[in-house]
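Undergrad: Those protein sequences? They're chains R and V, same order as listed. Here the first sequence stands for residues 1 to 511, numbered as in my numbering. Here the second sequence stands for residues 1001 to 1254, numbered as in my numbering.
Source of the hints: derived by calculation from the structure; they are not laboratory data. Each hint should be verified, as a subset may be incorrect.
Said to hold, decoys possible - Per the computed footprint, the stretches of chain V lying under chain R, defined by three or more beta-carbons under 8 Å from a beta-carbon of chain R, are:
1. 1128-1138
2. 1144-1153
3. 1181-1188
Said to hold, decoys possible - 35 Å max Cα-Cα, derived DSBU-like pairs, lysine-lysine:
4. LYS492(R) to LYS1031(V)
5. LYS505(R) to LYS492(R)
6. LYS1009(V) to LYS1073(V)
7. LYS228(R) to LYS381(R)
8. LYS1004(V) to LYS1073(V)
9. LYS495(R) to LYS1009(V)
10. LYS290(R) to LYS228(R)
11. LYS297(R) to LYS385(R)
12. LYS228(R) to LYS1149(V)
13. LYS495(R) to LYS1171(V)
14. LYS381(R) to LYS492(R)
15. LYS495(R) to LYS290(R)
16. LYS290(R) to LYS492(R)
17. LYS385(R) to LYS228(R)
18. LYS1149(V) to LYS1009(V)
19. LYS228(R) to LYS1035(V)
20. LYS495(R) to LYS1004(V)
21. LYS495(R) to LYS505(R)
22. LYS1035(V) to LYS297(R)
23. LYS1171(V) to LYS1149(V)
24. LYS1035(V) to LYS492(R)
25. LYS492(R) to LYS1004(V)
26. LYS1004(V) to LYS297(R)
27. LYS1171(V) to LYS385(R)
28. LYS228(R) to LYS1171(V)
Backbone N, C-alpha and C fix where the C-beta goes; we use that ideal spot for every residue, glycine too.
Spelled out from the first residue to the last, the chains are:
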Amino acid sequence: MLFDRIETFFSIIMGIATDPMSIAILFGSVVLGIIFGAMPGLTSTLGVALLTALTYGMDTAMAMICLLAIYVGGTYGGSYAAILINIPGTAAAAATALDGYPLACRGEGGRAIGLTTTASAIGTAISMIFVVSISPIISHFALQFTSFEFFLLAFFGILISGTLTSPDLVIKGWIAGFLGLFLACVGRDLLQFYPRFTFGYSQLDSGVEVVPVLIGAFGIPQIIQVLKDRFQIGETQKLQRIIPEIGTVVRNIPAIIRSALIGVGIGAVPGIGEDIAGWVSYGTAKNTSKHPETFGKGELQGVLASETANNACVGGAQIPLLNLGIPGSPPAAMLLGALMLHGVTPGPMITFEHPTFIMEVAAILLLASCAMWVAGMLLAKQVVKVLRIPTQIFMPIIGMLCIIGSYSLGLNIFNLYLMLPVGIIAYFLTEMGYPIAPLVIGVILGPMADENLRRALMVSQGSFMPVFTRPVALLLFLIIVWTVLSQFQFYKNLKANVLANIFRKKQSPGA
Amino acid sequence: MMDKQNLRKADIFSGTVISLFGLWIVSQALKMPMKDSWGGVQNVWYVSPALFPLFVGAMIALLGALLTRTALKSVGILELGRTLTWLWSSDLVRFLGTPTVIRFYAMAVLFSGFVFLNIPRIDFFLCSVLFLVVFISMFHFDDDSLLIKLLLFYLAGTVITFVFFVLEFPKLLEGHITYAGDWLTLAFILAYCMYAWVLIRPTPVMRRKYRTSLILAVIAPFLIGPIFKYLLLVPMPTEGLVVTLMDAIRYWDF
């Protein structure tokens, strides 16, 4: 069985590596991803969103090569701007800027980019191992799930995403998630085909199209923010010869593995992106370092930790996406939309419906990491030139791409009527401190939550008892309750009181 | 994102609006069949299409109310009163006229005009060129007074285009001019370019920016459009003057 899987894996790799078209698309998408990541204001999520429209005519395997490659390249590309101009190209590279920019100021920009390239490639490759090894276990486990578990899982995904991505109050993240769930309610319901919130528009009968909503929610606010606030790219530091820094990487193998594990773990939590992985890994590296005072002043370990983790997050995000149908990060949410367009429904049944699909994803991740390393080493100096393009020039073009992209998925002008208002509302929400990721996750997981809640109640004849009698459902329910309660002050006070009492009791016998 | 103090003030309003929105969802969900029959099927409450929207609406209303309460506790009634006074004062009007807000209006007008007015009625390539030439030049010039002048010019052109289509001129002119809307847009693009040129002509830096804007506004649609139209076989939202010309070139259909 294991050998069969290994054989399949390598035959897929060989299949892709020997097909010139696949290789051209792989390299093209990685380079495009790096450009998207490098340009401050553009993100890998937007890159995946815009490229989804172009993959519509491709077969699923080719589309996955294209989208995963741009995702991997985009996550890595953010480090260019972070290192050379101290502005992270993407949020994922924010932690990289802390040590990357001081390195560039010292004339070691080439060294820093070489290190991020190698670390990112290793991070992606390690995450690929987890995709292959953990997926069958999760998939097997998820097959035991009933509708109650799926409802609770979807609900947990929205709550945890809201909790961890909110830049302000946690409650705002939850509100964003529920607004996404509301958008998912629009259209005829899946059990009785009753029209909900359609207001007589037949175009809304099939519900809101996910991809235009995602493009609107991620693309339009980005364009408005960058141009409204007159975002200017600063002076670029000089880039010297790019060095792969293999020696530094070998010396830091334990730190790399730790960062990759953090990245995979955070990626596997629904809705949390590469930025959090980068920060957590950076913080851990700093806390465990013998010389924490060197962090922030051009410490190579800081760059290594953040870049390994954010790229490992790419693979981590695929684990819940492929096995449970729950996206692990915002770009993974876009990938889910793209997969649905191509007729692939991720979830526990994926191993039966598309037996080699997870292997294909793992193989693409490995090849994308190799392509990223090669492109990073050879083309970094050329790619850096894009940092000189003023944002006022490329943002309107991105706006046009958002529009043609939303239209082309379904050839429906109504998609545009939906995309633009969603984009403008998303902009106001962002300005007021509401995160967008939970909204998007809500739109995606809404149908799953709705259908499974009612199906579960149908089976139990309206009883909620299975939540308390089924171990996984109970565990999920308790986690949800804890996630909610832990945000309230009374819970924090209660916890502090209980801990103080226990501590006092432990001390008193000896006193 | 705003600073914390202003965020809390905004939270009072956003929380209230969200709470009311949640209540509206609940009210709409209550109109859905709960236990009565729908499509010949006798419902029970737990398969009702209202169940999930009721849950979502109730949660939105509750969380919105909680947000308002938290924000009110943080800001205090006195500060809320001051904010409400500000909302009725001339300061609000002054705020709405700040360059940052005007930049937002410009983008909102451009996107709305492109999506709601031009794309469904005008040849995709022409309306894209118009969108890009206005968008890139407005922001690339990086001058607030110029932006306002160009925005007003664009607004005037958009109003004319709107009236042109509302009064159904394309139908009236059908026998005399084909693609009347497209010709009007072409004239609009030329007029805009001339107006912008008149405004920026004295400054060499602006002239360079003008050239860049114009070149990119023309090149981008003609690079991206054919990929969708001829490679991905995506028909354009509206195919008119330029698409017909491109089809003729592509298929040598002279």
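Undergrad: Give a verdict on every hint.
TA: Checked hints:
no. : hint                     : verdict
1   : 1128-1138                : holds (count 5)
2   : 1144-1153                : violated (count 0)
3   : 1181-1188                : violated (count 0)
4   : LYS492(R) to LYS1031(V)  : 40 Å, violated
5   : LYS505(R) to LYS492(R)   : 20 Å, holds
6   : LYS1009(V) to LYS1073(V) : 11 Å, holds
7   : LYS228(R) to LYS381(R)   : 30 Å, holds
8   : LYS1004(V) to LYS1073(V) : 14 Å, holds
9   : LYS495(R) to LYS1009(V)  : 30 Å, holds
10  : LYS290(R) to LYS228(R)   : 44 Å, violated
11  : LYS297(R) to LYS385(R)   : 26 Å, holds
12  : LYS228(R) to LYS1149(V)  : 17 Å, holds
13  : LYS495(R) to LYS1171(V)  : 73 Å, violated
14  : LYS381(R) to LYS492(R)   : 51 Å, violated
15  : LYS495(R) to LYS290(R)   : 33 Å, holds
16  : LYS290(R) to LYS492(R)   : 33 Å, holds
17  : LYS385(R) to LYS228(R)   : 24 Å, holds
18  : LYS1149(V) to LYS1009(V) : 34 Å, holds
19  : LYS228(R) to LYS1035(V)  : 51 Å, violated
20  : LYS495(R) to LYS1004(V)  : 28 Å, holds
21  : LYS495(R) to LYS505(R)   : 15 Å, holds
22  : LYS1035(V) to LYS297(R)  : 66 Å, violated
23  : LYS1171(V) to LYS1149(V) : 32 Å, holds
24  : LYS1035(V) to LYS492(R)  : 42 Å, violated
25  : LYS492(R) to LYS1004(V)  : 23 Å, holds
26  : LYS1004(V) to LYS297(R)  : 29 Å, holds
27  : LYS1171(V) to LYS385(R)  : 50 Å, violated
28  : LYS228(R) to LYS1171(V)  : 39 Å, violated
Checked against the numbered hints given earlier, this structure breaks hints 2, 3, 4, 10, 13, 14, 19, 22, 24, 27, 28; the rest are met.
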